[in-house]
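Trainee: Listed below are the residues making up each chain.
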Amino acid sequence: MSAAAVDSKALFRYVLRLGDLSLVLGQRLGEWVGHAPALEEDLGLANIALDLIGQARLLLSYAGEIEGCGRSEDDIAYLREQGEYLNPVLAEQPNGDFGQTIVRQLLIDAFQLELYERMAASTDERLAAIAAKSVKETRYHLRYSGSWLVRLGDGTEKSHALAQSALDRLWPYTVELFAEDDLDRTMADCGVAPRLAEMHTAWTMRLDELLAQATLKRPGDRAHSWHGKRGQHSEHLGYILAEMQYLQRAHPGARW
Amino acid sequence: MNTHALNLRTPPADEDRVALAWQALADVEDPEIPDLKILDLGLIRFVRVHAGVLEVGLSPTYVGCPATEVIHHDVVQALRDAQIGACIVTSVLSPAWSSDWITTEGRQKLLHLGIVPPERTVLNMREVLRADRPPACPRCQSTDTECISEFGSTPCKALHRCRACLEPFEYFKCI
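Residue numbers (the numbering used here), protein chains in the order written: chain A, 1 to 256; chain B, 1 to 175.
Hints in this document: simulated from the structure, not taken from any laboratory.
All residues carry an ideal CB built from backbone N, CA and C; glycine is no exception.
A hint or two may mislead.
Stated by the list, open to error - Rough simulated footprint, nothing fancy, chain B against chain A, three-plus residues with beta-carbon under 8 angstroms:
hint : segment
1    : 50-64
2    : 124-138
What the hints assert, rightly or not - Chain A is nowhere near these chain B residues, computed Cβ spacing over 10 angstroms in every case:
hint : residue
3    : V28
4    : D35
5    : L39
6    : G52
7    : P66
8    : Q77
9    : R80
10   : A82
11   : V89
12   : T90
13   : I115
14   : R133
15   : P135
16   : S149
Isolated chain A, as found in the complex (with noise of 0.2 angstroms):
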């Protein structure tokens, strides 16, 4: 199948999965500046932050310009309710202590570069090119999050047990990462997106390597019962949201 024929309102929701991923966790990020451990984390943090920011205004443009109703990268990202994001509910999850800041950005940096890798050679074209572009930049993020991984864990007693219990608390929401649905599946039939079972299998030997150099214990898979994919999401969203959009919200069509 060609990507002309694929269904727009379909490709619509599949970019904004994977724009909402990359402007949530930016966002997030973004809340470590002036409060980082030490100047060079600060800066490190604030330029993965404005590279996932890079990533969502490409890909938040491309599904307003597939969507086809005038909405612009801006309208998407500040005026949508918390139902319309469809970020896995990972990339929200609160900044917590350094250790978890780290452990939710090497989960997330793993999956994107599995994801960019493999999207660079998408049917859709502009996908295939954002991928390209993006690759680049994660390959950077993820050697910071890994190295720090290995830091941490590989560290002092406190390091390692806080990098564990980090590691516990997030694992369970990697799990919708993989969960394949209805729109995954279509988009990888069409050759759109890559096949999430294939990414998975290498994702899970990228994490076990870096998590044996950081002497860390990889917790078992649950089930699990989040579906941000969907726009059902955990109550962090809205506190996000509610700071990003305010000036919008407040000042409706307010530019710089």
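Using the hints provided, position chain B relative to the given structure of chain A.
Mentor: Frame of chain A, contents of chain B only:
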């Protein structure tokens, strides 16, 4: 017949407009790194004329880099100042910009500014996930250096420190 007047009325040929555009683009600087031109960074993909409109293809370096919009604005302004008629600036995502496209002159300028230019080529991009060969210090050339942070003052640079002369320096990442 007054050929001079005739020449004035004839719009410049497409090739001349393209050449004038390149000349104008040669003066556009990177907003973050003084002295470095956008041509040194290899940001211009093409200059072409189609149906009377001159089009410049511009590559963003990093998708979220705030300098991207400033560069876009500066390019539009430079073309306008050059008075070469209708023109548009198109953002070109594919092929994705690579640090390999930084020219030899650009690399020399970076080094002169105390920023170590990227060493590897994108052919080895997957290797990025492994440990680096430490870049040599731009001041004392010692290779006894360490990475302080993967991200520096801008997304394109990492922070390093020389253990020999103890000076910090920036490294332009391979991407």
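Trainee: The structure should be examined with respect to each hint, and the outcome stated for every one.
Mentor: Cross-check of the supplied hints:
{"no.": "1", "hint": "50-64", "in the structure": "holds (count 8)"}
{"no.": "2", "hint": "124-138", "in the structure": "holds (count 9)"}
{"no.": "3", "hint": "V28", "in the structure": "21 angstroms, holds"}
{"no.": "4", "hint": "D35", "in the structure": "23 angstroms, holds"}
{"no.": "5", "hint": "L39", "in the structure": "21 angstroms, holds"}
{"no.": "6", "hint": "G52", "in the structure": "26 angstroms, holds"}
{"no.": "7", "hint": "P66", "in the structure": "7 angstroms, violated"}
{"no.": "8", "hint": "Q77", "in the structure": "18 angstroms, holds"}
{"no.": "9", "hint": "R80", "in the structure": "22 angstroms, holds"}
{"no.": "10", "hint": "A82", "in the structure": "28 angstroms, holds"}
{"no.": "11", "hint": "V89", "in the structure": "16 angstroms, holds"}
{"no.": "12", "hint": "T90", "in the structure": "13 angstroms, holds"}
{"no.": "13", "hint": "I115", "in the structure": "16 angstroms, holds"}
{"no.": "14", "hint": "R133", "in the structure": "15 angstroms, holds"}
{"no.": "15", "hint": "P135", "in the structure": "15 angstroms, holds"}
{"no.": "16", "hint": "S149", "in the structure": "4 angstroms, violated"}
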